[in-house]
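Asks: Here are the chains, one letter per residue:
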Amino acid sequence: MENYINQGDKDTRSGFGEGLTELGRSNENVVALCADLTGSLKMNEFAKENPERFFQTGIAEANMIGLAAGLATGGKVPFTGTFANFSTGRVYDQIRQSVAYSNKNVKICASHAGITLGEDGATHQILEDIGLMKMLPGMTVINTCDFNQTKSATIEISNYDGPVYLRFGRPKVANFTDVSQRFEIGKGLKLKEGSDVTIVATGHLVWEALKASEILMEKGINSEIINIHTIKPLDEDIILESVSKTGCLVSAEEHNIYGGLGESISRLLTTKMPIPQEFVGTKDTFGESGTPSQLMDKYGLNSSSICESVVNVLKRK
Amino acid sequence: MNEDLEKLVPQVRRDILRMVHAVNSGHPGGSLGCVEFFVTLYKRILEVENDSDQKDMFILSNGHISPVYYSTLARSGYFDLKELDTFRKINSRLQGHPTNHDGLPGINISSGSLGQGVSVGLGLALSKKLNNDSSLVYVLTGDGELQEGQNWEAFMYASANKVDNIIITVDYNGQQIDGSTEDVLDIGDLKQKFEAFGWKVLEVEEGNSLDKVYETLSIAKENSKKGKPIVILMKTVMGNGVDFMMHTHEWHGKAPNDDQLKIALNQNPETLGDY
Chain X
9 MENYINQGDK
19 DTRSGFGEGL
29 TELGRSNENV
39 VALCADLTGS
49 LKMNEFAKEN
59 PERFFQTGIA
69 EANMIGLAAG
79 LATGGKVPFT
89 GTFANFSTGR
99 VYDQIRQSVA
109 YSNKNVKICA
119 SHAGITLGED
129 GATHQILEDI
139 GLMKMLPGMT
149 VINTCDFNQT
159 KSATIEISNY
169 DGPVYLRFGR
179 PKVANFTDVS
189 QRFEIGKGLK
199 LKEGSDVTIV
209 ATGHLVWEAL
219 KASEILMEKG
229 INSEIINIHT
239 IKPLDEDIIL
249 ESVSKTGCLV
259 SAEEHNIYGG
269 LGESISRLLT
279 TKMPIPQEFV
289 GTKDTFGESG
299 TPSQLMDKYG
309 LNSSSICESV
319 VNVLKRK
Chain D
129 MNEDLEKLVP
139 QVRRDILRMV
149 HAVNSGHPGG
159 SLGCVEFFVT
169 LYKRILEVEN
179 DSDQKDMFIL
189 SNGHISPVYY
199 STLARSGYFD
209 LKELDTFRKI
219 NSRLQGHPTN
229 HDGLPGINIS
239 SGSLGQGVSV
249 GLGLALSKKL
259 NNDSSLVYVL
269 TGDGELQEGQ
279 NWEAFMYASA
289 NKVDNIIITV
299 DYNGQQIDGS
309 TEDVLDIGDL
319 KQKFEAFGWK
329 VLEVEEGNSL
339 DKVYETLSIA
349 KENSKKGKPI
359 VILMKTVMGN
369 GVDFMMHTHE
379 WHGKAPNDDQ
389 LKIALNQNPE
399 TLGDY
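Those protein sequence lines, which keep their order, are chains X and D.
The opening residue of the first sequence carries number 9 in the working numbering; numbering runs sequentially from there.
The opening residue of the second sequence carries number 129 in the working numbering; numbering runs sequentially from there.
Extracted from the complex, chain X is given alone in its bound form (with noise of 0.2 Å):
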């Protein structure tokens, strides 16, 4: 069993403004487009070496969209940056027609994804971006864990032509996969080998889910512990793979139970290995002002909500 360490704390935002950076140097036709965030996005760095090819937006995330779906007609890779809710529900029918149904090839950047955006409340706390984008016909869904995930995954998307969605946050949280980890789309990531049950996690979760493993240890419950970054396509091979191994699952995410990763995990165990799931989500609500600790203990996004789920998953075994 690898042991995974936290190599200190950093924002995921961090992770993606680094490799945009890198991408500004190493690929001419990218190009960047923010709706006046982009200190919040970290995009500076792209925006002061790549002038020419950084767009500022103003506060205008509808017409922002449409740039990108035309930057790409012509040729370009566009990467937009706002927050997760303004890069979604914001402008679902823009993505929807001059995005997704047209093809084009623009990098939907969101930073401040779930409660975890904290203090600002819930009109920013999008907790259905990932539903939202998933439905969308040819839309790839990308939810990363930390920040060397963050950076590998910006980095990777623009070798993939087509829409894609790539979903990041706030706060500092746990570093600790690998730098030199190459990020392959739709490859879902075994972390910890496990026998009794499987806990598949998507984004800052994934670090909840390790600390779960080692609490459920102590109880002599041995879990297997999936990193499920690219949420569409889902890596189904892994996921039913482990659970003919261990016959049941947990999901864990920072988003609504309804449309999220656990959904997505759900329609694919029912259709080929019906087994018994419990979901770590929020449950159908609205986010609240706090600090990202206090929202995720509140809201049921930490370890020991999933030690709790893998209990009673394990009752209906």
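Among the clues, some could well be false.
DSS-like cross-link-like pairs, simulated, lysine-lysine; straight-line CA separation at most 30 Å [said to hold, decoys possible]:
#1 D/354 to X/56
#2 X/142 to D/217
#3 D/353 to X/56
#4 D/354 to D/328
#5 D/257 to X/56
Simulated from the structure, these hints should not be mistaken for laboratory data.
Given chain X, put chain D in place with the hints provided.
Replies: Only chain D this time, still in chain X's reference frame:
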């Protein structure tokens, strides 16, 4: 040159009428109002025949007038005329609203949900600047469509960033589904609005005159790349060329019945062969 187009205009009108009649759906009114614009754009304005990568490109924002778009494209050699017969039918590339999704040549992006084409056109224009491509981007938008807020985001962006390799034309027919634009939601003095947004505004009162449309598009072209985006306010008559369809919003999204088709076709003789 316009002599050829004089023949083409009634033929495109016939295509439009026959296409919407065949499936008893579609949008003849706006399509008929823009025939002169489309044939002029495709036959006399767009520079697309050169060998270089630098080709003018067109974006249709008001996608519901797809019949005139499809007819013009087919009659400009983008795809076989016979394919017009598949319009709005199952398994067709000629969807109710235009899309590049099924690989129809000549279509650069999907449109139909209104208000998105100007932004896309601007993005395309920006890519041309980055590519040192001196060709131009043309966009057609409806006037009622300007009620969509995204347009005004785009208009503000274009002038602030001096996107001057784009020519937008507004199909200024004063009609929309529920009635006249004045009654539904008055869009007011468009010239003043565009000027306040920093655009160079050209006006053409006779948007159904081949000569006037060509003249105005040519002036627009001459005025491009001078630091300002350009808009043409093109007054057209919805349903133009079919007397009972003119000057009313009633034919915005309604197909003629058999008798009405007969009358309409009689007013527009076959000149170049029906599809």
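Asks: Now tell me, hint by hint, if it's right for this structure.
Replies: These are the hints, each one checked on the structure:
1. D/354 to X/56: 27 Å, holds
2. X/142 to D/217: Given pair residue 142 of chain X, residue 217 of chain D holds - Cα atoms ~29 Å apart, limit 30 Å.
3. D/353 to X/56: Status holds; Cα separation ~26 Å.
4. D/354 to D/328: OK: residue 354 of chain D and residue 328 of chain D at ~10 Å, within 30 Å.
5. D/257 to X/56: 19 Å, holds
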